[in-house]
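Peer 1: Protein chains in written order, with the numbering used here: chain D, 1 to 318; chain P, 319 to 608; chain S, 609 to 1091.
Keep in mind the hints are simulated off the structure, nothing from the lab. Careful, some of the hints might be misleading.
[Said to hold, decoys possible] Within a straight-line C-alpha distance of at most 27 angstroms, the following computed DSS-like cross-link-like pairs (lysine-lysine) qualify:
1. S:K667 with S:K723
2. S:K1069 with S:K746
3. P:K552 with D:K24
4. S:K659 with P:K454
5. S:K1034 with S:K1069
6. S:K904 with S:K649
7. P:K454 with S:K639
8. P:K454 with S:K665
9. P:K423 with D:K309
10. P:K327 with P:K595
11. P:K552 with S:K667
12. S:K1034 with D:K58
13. P:K454 with S:K649
14. S:K780 with S:K860
15. D:K122 with P:K509
16. P:K449 with S:K649
17. P:K454 with D:K60
18. D:K173 with S:K904
19. S:K876 with P:K552
20. S:K665 with S:K868
21. S:K1069 with D:K60
22. D:K173 with S:K780
23. D:K117 with P:K595
24. S:K915 with S:K780
25. S:K770 with S:K723
26. S:K639 with P:K449
27. D:K117 with D:K220
28. P:K454 with D:K24
29. D:K60 with S:K639
30. S:K792 with S:K860
31. S:K683 with S:K659
32. S:K915 with S:K659
33. D:K58 with S:K746
34. P:K552 with S:K868
[To be verified] Residues from chain D that keep clear of chain P, each with C-beta distances beyond 12 angstroms, as calculated:
35. R23
36. Y57
37. N81
38. V87
39. V91
40. I98
Ideal Cβ positions, reconstructed from N, Cα and C, are used throughout, including at glycine.
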Amino acid sequence: MAKTNLTVQNKPAKKKGLSLNARKSLQLGVLTIPGVIWFLVFSYIPMAGAVIAFKDYKPKRGIWGSEWVGFDNFEFLFSSNDAGRLVFNTVFHNFISIFLVAFVAVAIAVFMDLVDKRIYVKTYQTMLFLPRFISWVVVGFIGTILFHYEHGILNQVVAFFGGEAVSWYLTPKYWWFIIPAFGVWKTMGYTSLVYYGTIMGIDTQIFESAEIDGANTWGKIRHITLPLLRPTIIIMSLMSVGSIMRADFGLFYYVPNNSGSLYSVTDVLDTYIFRALRGAGDMTSSAAAGLFQSVVGLIMVVTCNTIVKKFESESALF
Amino acid sequence: MKHANVFLKIFVHLFLIIMSLLCLLPFVMILSVSLTSETGIQANGYSLIPSEFSLEAYQYIFRNPTEVISAYGTTTFVTVVGTLVSVLIMAMLAYPMSRSDFKLKNGLSFFVYFTMLFSGGLVPMYILVTKYLGLKDNILALFLPILISGWNTMLLRMFMASVPVSLIEAANLEGASEFRIFFTIVIPLSKVGIVTIALFQVLTFWNDWYQAMLYIDHGDMTTLQYMLYRVLNKVNLAKEYGGMMATQEKLPNENLRMALCVVAAGPMLVIFPFFQKYFSKGITVGGVKG
Amino acid sequence: MKKTLAILLVLVMALGVLAGCGGTKDNDGEKTLIWYARINKEPDSAEVFQKVSDMAKEKIGVAVDIIALEDYHGKMPVIQASGEDYDIVYTSSVINNIYNNVNDGNLLPLDDLLKESAPKLWELFGEEIWEGVRIGGKIYGVPNQQIFARGPGYMIPTQNIKALGLDLENTKYETLEDYESYFKAIKEKTGSYGYLPSTWGGDGPQLYGFEQVIGSEIPGVIRVTDDSLEVINQYETQEFIDHINLRTRWVKEGLISPMKVTIDDVTKYLTAEDQVMPWLIFQNTCAPGAEAIFKKNNNLDVTYATKSEGLVSSYSLVSTMAAINSDSRYPEEAIKFIELLNTDPEIYNLLVYGFEGKHYTKTGDKTIELSTENSYTQPAWAIGNTFNAYILPGQDLDVHEQTKAVNDAARRSPILGFAPDQEPIKVEVANCRAVVEEYADLTDGIMDTETAYPAFIEKLKAAGCDKIIAELNKQIQEWKASK
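In isolation and in its complexed conformation, chain D is listed as follows (with noise of 0.2 angstroms):
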């Protein structure tokens, strides 16, 4: 490493005046200035922007001269007899991925650490990579290669068995298991790096002693790996939590095929706001929708948060 020459002006540092501390705190938050004037910008002052949520926005009138109208663009949303069903399956299916994805990720990670070839881990790693370059449009054309009733390797599969056909887009059952898979499917790679760069800064001579104790492999996963990974797969879940209304759009939309048959499993909030609002190009009530979706998570991971703070305050978001 380079000296730094940075801060010249900070040399005699046991410079009386400022007590260290405040100069110290002062020196901390300069170096937030930038991502803090960032977040401001970009969104903080756009976040006022919602209030047409609120309002009868007429772009004319631009977003401060249009009318108020209380709660009516919420209406569409709640008023909808599907509102039970969405905001089940949207909470249902993400909190199966929170737990699923966390559990392969960590899986892969922990496994990951045991290969001692780094061109397998490199390996590996740019395999599971490869998902997350697919866009979920194309993942949907992959799922009608799966599940096309003719000509899907399934049904090809099921036909070879003996077994009869399978409508896979018609019937909603194999959809519980089918939306999570491909989930985990497009994250795990992406997510298991998180947790095995953890693993990465795990002090080594924590390992070494514990080897000198005689700990097999299995031990030192257990009682090294998986507790230091322990405030990462917290922190990593209440974070999630925050989003727990919002589905990915192209999971619940592409690979289903947007298929009416199967949205007792698949029909999401996301997914439904897109349905009703489009071609009306209603910004309002997608934006009310939006609020929504945020002032529950806010709730919820504000809840989370709250108790994890109680148990293990280092694991805390804020």
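We have chain D already, so just place chains P and S on it with the hints.
Peer 2: Same frame as chain D, but now just chains P and S:
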């Protein structure tokens, strides 16, 4: 970890091989379809090995190579600059958030996390970028609006929190400034985390087509993903409107859709191993004195 | 450290330089129209657009900045909602919905402008057409001259006539039910079922004598022969029930496939020319020359077996229009440019087909052949007057005259000129749209009709379809009284 026993080793490899194949096969399928002639697809459907080998899809894409090359250029520029700038800014933000003795730690974390929950939506963002920042048709618009990710900042904070406090305290006693501690201790020690986040940011910028769709009206500036999106979007619209539009415009062939996919994702397969170089163990406390 | 700093410095400078070269607006005080066009970005489109702009400058003294928005659906709502500057825009009954735009005050009323500044354009259409596009008594858009008489039909792959020994002349093919013999013949010959895409979507209900009042899928139709103009829910009519029962029965009897197929699938199932191509194709608009376009896009020869009587309705008239921003700085120039697109074949064909010699070659006075090397394709119907378009191989020489004749002869909708106000039923429309899409499989006969149909109707009621019907009835009666 060395010394793992043979059965465990076999199990581990078997598990990883199966998972990897599940991820690889669809991609092989895409590659294969992209290399099959349109008549071959019509006659034999999709297959893992091209039934009728043909480069027609790629020839079509590269019939006008300037567009593709310039798209590569734009995408690469956006990815490189965006990643460098964003990782630096995020690291600078994440480090104070990771310091348990920093008073604003929780407030700042909430400030960042809150942006993951709430957004103003498309219209205010569009007005901000085009009207107030005047970035329409400007390459900055391709990455500035998505520069920082709250999620990745939180992840970085997590990685940085594992930097031993004792080291920072020691540097403190020596009178090092926070800037110095950040650059000489924290960054090297959270190298793995930073590289992970950098990789995620690379993906974000590389895979984004939305900014190009929104903010680029004129000229030849386009990104790879936007090229791909335009083609797929035509197919989707035709499907949505059923028979109505299908006969009014010719739809892109399937091999073309897949070839675009390969063209758009291909370079990443080369870039990925480059990052992996940094995923290595062996950072010990003793080895980082600045 | 030094390295990091150096990189940072370079980046900051680079960003500064880039930020400096932002967008430019009118250069040198020259008037420039901004046109968000629903056309494609093609390899040579920049040169073509420049030429168009130059021609416009010469003819009407204004340059045109043509912005080709391929993703009109995704981007135009954002442009509208953010109040961005533009002059000319594409608007329609679906994409960039004209009724919403008028409701939001986005569009300029054109009545006076048309008569004063663009008399040639004003004369292009008769009073009937202008009357038909009025919304709240005013004209907000210029329809692109094309087939206005909309009506769906069924097409049979031409090769089947020989392969199945069909006799189109002497067989009655009027309703979907009449095709039972057709699918039976397919099954007999191939041993398998045939393929039938959705036959109720789009303008499909028109084959059953309905006109949809607020667009496809949303509950609310009138019978075109019913003078009382009573709005009913098409999904509760006997016609709809018969339609799904027929399809369900065909699926059960193995006559048609038990899965969803779209026209996009046609090319996947192409068979050799002497063999049976097991499809019946639903075509939304039976315009003259549609067979040639279908052949061009799907590589399959088709023949009409059923054509519904075309219907000229307000909905079909506003299906592709050019409109002007209510904030436009140069409304007069804008309408003049729209006039050029509709009355000047030179500028129109330049935009549609590109440069002569490069993108196409002339084979006659009005006929052309497209270049195979340099492709440049634009949707002619989204640009202007399609009657001025050059004629492609496979199209009849008098295709435009035929289209005009069809337009003139077609039945007029009894509610021509009625523009529904969706504002009071916005919520119900959104929720009903969601329900109808959910039951698309029912409409295609691949759901269990016994249980799904009652559930469908129940959900529609819960979503407020009755309120939509009542509101439309009220509006139509008011409109009728005001005439």
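Peer 1: Does the structure keep K659 of chain S and K454 of chain P at a Cα separation of 27 angstroms or less?
Peer 2: Distance ~24 angstroms between K659 of chain S and K454 of chain P Cα, so the pair holds.
Peer 1: Starting from K552 of chain P, check that the Cα of K868 of chain S is at most 27 angstroms away, please.
Peer 2: 20 angstroms, holds
Peer 1: Tell me if the straight-line CA distance from K58 of chain D to K746 of chain S falls inside 27 angstroms.
Peer 2: 20 angstroms, holds
Peer 1: For the pair we were handed, K792 of chain S and K860 of chain S, check the Cα-Cα distance against 27 angstroms.
Peer 2: OK: K792 of chain S and K860 of chain S at ~13 angstroms, within 27 angstroms.
Peer 1: Holds or violated: are the alpha carbons of K1069 of chain S and K60 of chain D at most 27 angstroms from each other?
Peer 2: Violated, at roughly 36 angstroms.
Peer 1: Holds or violated: are the alpha carbons of K423 of chain P and K309 of chain D at most 27 angstroms from each other?
Peer 2: Cα-Cα ~14 angstroms, so holds.
Peer 1: Between the alpha carbons of K665 of chain S and K868 of chain S, is the straight-line distance 27 angstroms or under?
Peer 2: Distance ~51 angstroms between K665 of chain S and K868 of chain S Cα, so the pair is violated.
Peer 1: Please verify whether K173 of chain D and K904 of chain S have alpha carbons no more than 27 angstroms apart.
Peer 2: The hint is violated at about 41 angstroms.
Peer 1: Regarding the pair K173 of chain D and K780 of chain S, is the alpha-carbon distance no greater than 27 angstroms?
Peer 2: Judged against 27 angstroms, a Cα distance of about 43 angstroms means the pair is violated.
Peer 1: For the pair we were handed, K454 of chain P and K639 of chain S, check the Cα-Cα distance against 27 angstroms.
Peer 2: 20 angstroms, holds
Peer 1: Checking the smallest CB distance to chain P, is V87 of chain D really beyond 12 angstroms?
Peer 2: Correct as stated: the minimum Cβ-Cβ distance to chain P is 17 angstroms, above 12 angstroms.
Peer 1: So if I understand the rule, the pair passes when the alpha-carbon distance is 27 angstroms or less; does K780 of chain S with K860 of chain S pass?
Peer 2: 24 angstroms, holds
Hint compliance for this structure: hints 2, 3, 11, 18, 20, 21, 22, 25, 28, 32, 35 and 36 are not met, and every other hint is.
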